[in-house]
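The chain contents come next:
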Amino acid sequence: NAGVTQTPKFQVLKTGQSMTLQCAQDMNHNSMYWYRQDPGMGLRLIYYSASEGTTDKGEVPNGYNVSRLNKREFSLRLESAAPSQTSVYFCASLGQKSLNNSPLHFGNGTRLTVT
Amino acid sequence: AQSVTQLDSHVSVSEGTPVLLRCNYSSSYSPSLFWYVQHPNKGLQLLLKYTSAATLVKGINGFEAEFKKSETSFHLTKPSAHMSDAAEYFCVVSESLLDTGRRALTFGSGTRLQVQP
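Residue numbers (our numbering), protein chains in the order written: chain A, 237 to 351; chain B, 311 to 427.
If you're looking for bench data, these hints aren't it; they were derived computationally from the structure. Keep in mind that the hints are not guaranteed to be accurate.
[What the hints assert, rightly or not] Calculated Cβ distances over 12 angstroms to all of chain B for the following chain A residues:
| id | residue |
| --- | --- |
| 1 | Lys250 |
| 2 | Asn298 |
| 3 | Val324 |
| 4 | Thr351 |
[Claimed, not checked] The list that follows gives simulated cross-link-like pairs (lysine-lysine, DSSO-like), each with its CA atoms no further than 30 angstroms apart:
| id | chain 1 | residue 1 | chain 2 | residue 2 |
| --- | --- | --- | --- | --- |
| 5 | A | Lys293 | A | Lys245 |
| 6 | A | Lys250 | A | Lys293 |
| 7 | B | Lys352 | A | Lys307 |
| 8 | A | Lys293 | B | Lys359 |
| 9 | B | Lys359 | B | Lys378 |
| 10 | B | Lys359 | A | Lys245 |
| 11 | A | Lys245 | B | Lys379 |
[Stated by the list, open to error] For each label pair, taking beta carbons as the anchor points, the in silico distance ranges come out as:
| id | chain 1 | residue 1 | chain 2 | residue 2 | range |
| --- | --- | --- | --- | --- | --- |
| 12 | A | Ser287 | B | Lys352 | 34 to 42 angstroms |
| 13 | A | Val248 | B | Ser380 | 20 to 28 angstroms |
| 14 | B | Glu376 | A | Pro319 | 39 to 47 angstroms |
| 15 | A | Ser254 | B | Ala363 | 45 to 53 angstroms |
| 16 | A | Pro319 | B | Lys379 | 41 to 49 angstroms |
| 17 | A | Ala238 | B | Pro350 | 16 to 24 angstroms |
| 18 | A | Gln258 | B | Glu325 | 33 to 41 angstroms |
| 19 | B | Lys352 | A | Lys293 | 25 to 33 angstroms |
| 20 | B | Ser394 | A | Ala318 | 45 to 53 angstroms |
| 21 | A | Pro319 | B | Thr365 | 42 to 50 angstroms |
Glycine is no exception: its CB is placed at the ideal position from the N, C-alpha and C atoms.
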């Protein structure tokens, strides 16, 4: 059982380039999330999707777009990368959106560097 | 509004000695609380969770945490540290938003645990 799979694992971009981070889960989860992790700041929510066909902004959405392609896949796009977007990006999924005690399942992350 | 404070950004212990990672939270409602562990270049893995069933929660790898409502704390402990425990640990508070039914998750800033031989 693969769980949450993110690609690529590493990426280096130049300022202004675009790219899409891919995420897929095989647990039939409804909700999916994109976080960024920066030193000393924990994880901050970029966007989330409570169910197929819906997306909502999180704490730090500026400079990003998302697509919930189907129930399995939730992609994050950087249209014009900036050095401030250098970070580690994590995708996560959740089976029960309103069940308070369900844990998130995380992918292994994408380490992005923007030069 | 909810918040999470991890009181130490770094903790260093010797192998075989106790571990204490501190977490304080604030929450408007009855929250659920989680501890996650992140090993280098890995995603976050659930260690344990509190969901109001019992105040002392046992997790994987010998970790446990005690929910103390009066102190708004959820500190993570382990009696004897192992080298493999060296990682970053995150305390997370979760609330269900009554108006939307959606969950609000807030992560602490993390505590890096170093285990000395």
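These are the hints, each one checked on the structure:
Taking the minimum C-beta to C-beta distance to chain B, about 24 angstroms, the non-interface status of A/Lys250 holds against the 12 angstroms cut. Remark: the non-interface label on A/Asn298 is consistent with the geometry, its nearest Cβ contact in chain B lying 19 angstroms away (cut-off 12 angstroms). Against the 12 angstroms criterion, A/Val324 falls within the reach of chain B, whose nearest CB is about 9 angstroms from its own CB. The claim that A/Thr351 lies off the interface holds: its Cβ sits roughly 20 angstroms from the closest Cβ of chain B, which is beyond the 12 angstroms cut-off.
Restraint check: the Cα-Cα separation between A/Lys293 and A/Lys245 comes to about 24 angstroms, which is no more than 30 angstroms; the hinted pair holds. With a C-alpha separation of about 25 angstroms, the suggested pairing of A/Lys250 with A/Lys293 holds against the 30 angstroms cut-off. A C-alpha spacing of about 24 angstroms is found between B/Lys352 and A/Lys307, which places the hinted pair at or below 30 angstroms, so the restraint holds. Annotation: proposed proximity of A/Lys293 to B/Lys359 holds, straight-line Cα distance about 26 angstroms (limit 30 angstroms).
This hinted pair checks out: B/Lys359 and B/Lys378 have alpha carbons roughly 14 angstroms apart, not beyond 30 angstroms. Distance check on the hinted pair: B/Lys359 and A/Lys245 sit about 28 angstroms apart at the alpha-carbon level, within 30 angstroms; holds. Of the pairs offered as hints, the one joining A/Lys245 and B/Lys379 is violated, with about 40 angstroms between alpha carbons and a cut-off of 30 angstroms exceeded. The given range of 34 to 42 angstroms is broken by A/Ser287 and B/Lys352, whose C-beta atoms sit roughly 28 angstroms from each other.
Between A/Val248 and B/Ser380 the C-beta distance comes to about 49 angstroms, which lies outside the given range of 20 to 28 angstroms. The beta-carbon spacing between B/Glu376 and A/Pro319, approximately 42 angstroms, falls within the hinted interval of 39 to 47 angstroms. For the pair A/Ser254 and B/Ala363, the supplied restraint of 45 to 53 angstroms holds, since their beta-carbon distance comes to about 47 angstroms. The beta-carbon spacing between A/Pro319 and B/Lys379, approximately 43 angstroms, falls within the hinted interval of 41 to 49 angstroms.
At about 21 angstroms, the CB distance of A/Ala238 to B/Pro350 agrees with the hint of 16 to 24 angstroms. Hint check: A/Gln258 to B/Glu325, Cβ distance near 40 angstroms, so the stated range 33 to 41 angstroms holds. Checked against the hint of 25 to 33 angstroms, the C-beta distance between B/Lys352 and A/Lys293 comes to roughly 27 angstroms, which is consistent with it. Evaluation of the 45 to 53 angstroms hint for B/Ser394 and A/Ala318 yields a failure: the beta carbon distance comes to about 37 angstroms.
For the pair A/Pro319 and B/Thr365, the beta carbons lie near 45 angstroms from each other, so the given range of 42 to 50 angstroms is met.
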